[in-house]
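Colleague: If you read the sequences in order, they're chains L and P. The first sequence: position 115 = 114 (numbering that gives the first Met the number 0), numbered continuously. The second sequence: position 6 = 5 (numbering that gives the first Met the number 0), numbered continuously.
Just so you know, the hints here were simulated from the structure itself, not pulled from any lab data. Among the clues, some could well be false.
Said to hold, decoys possible - Result set (BS3-like, lysine-lysine): computed pairs, CA atoms no more than 25 Å apart in a straight line:
no., chain 1, residue 1, chain 2, residue 2
1, L, K259, P, K24
2, P, K24, L, K465
3, L, K465, L, K420
4, P, K24, L, K420
5, L, K454, L, K465
Unchecked claim - So the derived label-pair ranges between C-beta atoms look like this:
no., chain 1, residue 1, chain 2, residue 2, range
6, P, I62, L, P380, 52 to 62 Å
7, P, L13, L, R339, 17 to 27 Å
8, L, I178, P, N57, 21 to 31 Å
9, P, L13, L, V205, 26 to 36 Å
10, P, L16, L, S296, 49 to 59 Å
11, P, I62, L, G157, 55 to 65 Å
12, L, L168, P, N56, 39 to 49 Å
13, L, G179, P, L8, 44 to 54 Å
14, P, N57, L, Q324, 33 to 43 Å
15, P, I12, L, R339, 29 to 39 Å
16, L, G157, P, I12, 38 to 48 Å
17, L, V468, P, L13, 23 to 33 Å
18, P, S1, L, P370, 48 to 58 Å
The beta carbon of each residue, even a glycine, is placed where N, CA and C say it ideally should be.
What follows is the residue order along each chain.
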Amino acid sequence: MSGFTGNIQLVYVLAAACFVGGLHLMNSPATARRGNQVSTAGMVIAGVATLILMIHDGTVTATGWIVLISGALIGSAVGLYAAQSVQMTAMPQLVSMFNSVGGGAAALVAIYGYINAESNAGGVLGTTTVFTVLDVIIGSVTFSGSIIAAGKLQGLIGGQPIIFRGSRLLNAALAVVAIGAAAFMLSTASLPALLIVVLAALAFGVMMVLPIGGADMPVVISLLNAFTGTAVAMAGFVIGNWALIVAGALVGASGGILTKLMADAMNRSLVNIIVGGFGTGDSAVAVEAAADASIRSIAADDAAIQLAYASKVIIVPGYGLAAAQAQHGVAELAKTLEERGIEVSYAIHPVAGRMPGHMNVLLAEANVPYPQLKEMEEINPEFARADVALVIGANDVTNPAARRPGSEVSGMPILDVDQAKSIIVIKRSMGHGYAGIDNELYSDPKTSMYFADAKKAMAELTAAVKTLVG
Amino acid sequence: MSTALVTDLTIFILALLVGIEVIGKVPATLHTPLMSATNSIHGIVLAGALLIGVTANNLVGYILAFIAAFFAAANVVGGYVVTGRMLKMFRRRAVPASPGGHAEPGVPELDGLNGHKGLKGLLSKMDRSKP
Numbered sequence: 000m001s002g003f004t005g006n007i008q009l010v011y012v013l014a015a016a017c018f019v020g021g022l023h024l025m026n027s028p029a030t031a032r033r034g035n036q037v038s039t040a041g042m043v044i045a046g047v048a049t050l051i052l053m054i055h056d057g058t059v060t061a062t063g064w065i066v067l068i069s070g071a072l073i074g075s076a077v078g079l080y081a082a083q084s085v086q087m088t089a090m091p092q093l094v095s096m097f098n099s100v101g102g103g104a105a106a107l108v109a110i111y112g113y114i115n116a117e118s119n120a121g122g123v124l125g126t127t128t129v130f131t132v133l134d135v136i137i138g139s140v141t142f143s144g145s146i147i148a149a150g151k152l153q154g155l156i157g158g159q160p161i162i163f164r165g166s167r168l169l170n171a172a173l174a175v176v177a178i179g180a181a182a183f184m185l186s187t188a189s190l191p192a193l194l195i196v197v198l199a200a201l202a203f204g205v206m207m208v209l210p211i212g213g214a215d216m217p218v219v220i221s222l223l224n225a226f227t228g229t230a231v232a233m234a235g236f237v238i239g240n241w242a243l244i245v246a247g248a249l250v251g252a253s254g255g256i257l258t259k260l261m262a263d264a265m266n267r268s269l270v271n272i273i274v275g276g277f278g279t280g281d282s283a284v285a286v287e288a289a290a291d292a293s294i295r296s297i298a299a300d301d302a303a304i305q306l307a308y309a310s311k312v313i314i315v316p317g318y319g320l321a322a323a324q325a326q327h328g329v330a331e332l333a334k335t336l337e338e339r340g341i342e343v344s345y346a347i348h349p350v351a352g353r354m355p356g357h358m359n360v361l362l363a364e365a366n367v368p369y370p371q372l373k374e375m376e377e378i379n380p381e382f383a384r385a386d387v388a389l390v391i392g393a394n395d396v397t398n399p400a401a402r403r404p405g406s407e408v409s410g411m412p413i414l415d416v417d418q419a420k421s422i423i424v425i426k427r428s429m430g431h432g433y434a435g436i437d438n439e440l441y442s443d444p445k446t447s448m449y450f451a452d453a454k455k456a457m458a459e460l461t462a463a464v465k466t467l468v469g
Numbered sequence: 000m001s002t003a004l005v006t007d008l009t010i011f012i013l014a015l016l017v018g019i020e021v022i023g024k025v026p027a028t029l030h031t032p033l034m035s036a037t038n039s040i041h042g043i044v045l046a047g048a049l050l051i052g053v054t055a056n057n058l059v060g061y062i063l064a065f066i067a068a069f070f071a072a073a074n075v076v077g078g079y080v081v082t083g084r085m086l087k088m089f090r091r092r093a094v095p096a097s098p099g100g101h102a103e104p105g106v107p108e109l110d111g112l113n114g115h116k117g118l119k120g121l122l123s124k125m126d127r128s129k130p
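Next up, chain P with everything else stripped away, as it sits in the complex:
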């Protein structure tokens, strides 16, 4: 077994465990956006499609590279946009119907500072750097 393969397998197993740990904490309320978000994450296959495309030099190669790039790009762009669209709708309080249609939700309200420890706390503090 080559070193590269061992490294790849190690990364795979660790990522799987991290995934189980992190995703197990996502509340059921967010399961649809979660699935949509992970959908956009597997759009990273676009990088794979582009990287195999570099060697394309005949018709079959070009056709396969085109379809792969097309599929992966649709996946990644569509996934992120639709996840954003869904998450925008989750509000803490009902927003009074505004005349302009979509109300700008602004900065998402945080559940207080309690419990914002670790990475989440770090990232959310970055978000709250401005008062």
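Pulled out of the complex, with its shape left as it was, chain L reads as follows:
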């Protein structure tokens, strides 16, 4: 490593330190914005160092500059537009697309390096390492898998798990082909082998995500996030760049942690999710109420009375709330209740949404102050003191059956909604949740069911509370 390149590496280390510092500041909502700025500063430093390195290198052709600069500018414009126009409900799709292009770019770094080395005399042997093939495989799987995930989230591809006969066999075959061709690449310089690896990995990415149900998306996005990070780190190994290695490792760690958190919160093992098979789509199949008619149904006015005369209300939002675009409505209702001096907080289950922390962002957008957003461990002891627990579009995460062995949700961490003095559940129908079982909470004598679309229900409840207390 010459002196100059060494100095540039040090600048890259500085950039990497900014990334770590920026992530560290994200441990509190109060400092998180500063964290993003610190991280951005690191990125600018890395960008400038890269430009200096390119100019110093002096081999870039005029066409090369035009190609790179126009690519970067057009990409920036597209990224900027997407980031500014995206709806908060569509955030999981956008994150998925960023995973996709990040993984794609990382794969291209290795693909390009391989082709370039082969087209120059001397072949690729000696420059192709296990990192090259790992980068190509992981990057390609991430690229295609994330596009499918985004398509499912956007509703372009059905949320139902897509499984056909022999699909698992096909997956295994694709994996074998990709790894076999990759092993061949390592020993012999071969462009066809590279092409086979890329195609097999792309197909594998598609096949990996297709069988996964819409409700498992928080895990999938986290996993693909970890993949992207790993691919970028591998790209760092390929070109010997520390900034890429550190950044990739950070993202890999983050994605890994989130994947584990999400899988635990859904009571599923990662293998179980990837192998797929029983996750359902967004729209739970409408199943008629079980024969025991111990369900108590109430109207908006009754629910409003309970809420208006409570002193502590805990709102339990689920994905149904976001699907009905009711987050502003619930914030409005909460505001009305707070004006009456009622203590309102939100119980957020880790998988309430389509990606980790999604519900928090949706409520933050609806102007709900973040101290009111309580994590599961924090809010669970408070349910016993709550007069009313208002469950909106959440199902399995409130099912007390999870505490006993022997059901689909057994062992799943749940919100202790049944501990509240009374419970109001807002739901469109008696349809089952994603686990496909009856929710014992609904037949609890303390529970009243208010059947309505979440958005409409919020408007009616707010109006009813206002009339009631005038």
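With the hints as your guide, set chain P onto chain L.
Modeller: This is chain P only, laid out in the frame that chain L set:
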């Protein structure tokens, strides 16, 4: 095993451990912005795309370099902008609806000075240098 490879592997493993340590402390409330922030961080692959592009001298090379630069730039710019957009919405208190649409959140309120030790304290103090 070459020295360079050993160095690279060391950096990778240490960065992984630092990542696990730092990210384990991020509250669930911020998990979506966290994922979006790490998304923008892996946009550093733009540096990789530019650095391999320096050797491009034929059509295939130019096309691959263009796509890589395009992908990575979209990733890095979009990631930072959308993370900033999300974090701006996290407020300690509800902001009364202002007539001008988006209220300027101003300096984020800090959770008091307690607990602001170490790097976070250092960085947040820099932020509070002005009274």
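Colleague: Evaluate each hint against the coordinates.
Modeller: Comparing the hints with the structure gives:
Taking the CA atoms of L/K259 and P/K24, the gap is about 15 Å. The hint holds against a cut of 25 Å. Between the alpha carbons of P/K24 and L/K465 the distance comes to roughly 41 Å, so the proposed pair goes past 25 Å and is violated. A C-alpha spacing of about 23 Å is found between L/K465 and L/K420, which places the hinted pair at or below 25 Å, so the restraint holds. Between P/K24 and L/K420 the alpha-carbon distance is near 33 Å, which puts this suggested pair outside the 25 Å criterion.
A hinted pair counts as satisfied when its Cα atoms are at most 25 Å apart, and L/K454 with L/K465 qualifies at roughly 17 Å. For P/I62 and L/P380, the hinted distance range of 52 to 62 Å is satisfied, since their beta carbons lie about 59 Å from each other. In this structure the supplied range 17 to 27 Å is violated for P/L13 paired with L/R339, their Cβ-Cβ distance being about 54 Å. At about 30 Å, the beta-carbon gap between L/I178 and P/N57 stays in the expected band of 21 to 31 Å.
In this structure the hint that P/L13 and L/V205 lie 26 to 36 Å apart at CB holds, the actual value being about 35 Å. Against the hinted window of 49 to 59 Å, the Cβ-Cβ separation of P/L16 and L/S296 comes to about 54 Å, which satisfies the hint. The beta-carbon spacing between P/I62 and L/G157, approximately 34 Å, falls outside the hinted interval of 55 to 65 Å. At roughly 44 Å, the beta carbons of L/L168 and P/N56 sit within the given window of 39 to 49 Å.
Checked against the hint of 44 to 54 Å, the C-beta distance between L/G179 and P/L8 comes to roughly 26 Å, which is inconsistent with it. Under the hint 33 to 43 Å, the C-beta atoms of P/N57 and L/Q324, about 51 Å apart, miss the expected range. For P/I12 paired with L/R339, a C-beta distance near 56 Å fails the hint of 29 to 39 Å. A hinted range of 38 to 48 Å holds for the C-beta pair L/G157 and P/I12, which are about 41 Å apart.
Checked against the given bound of 23 to 33 Å, the beta carbons of L/V468 and P/L13, roughly 59 Å apart, lie outside it. For the pair P/S1 and L/P370, the beta carbons lie near 52 Å from each other, so the given range of 48 to 58 Å is met.
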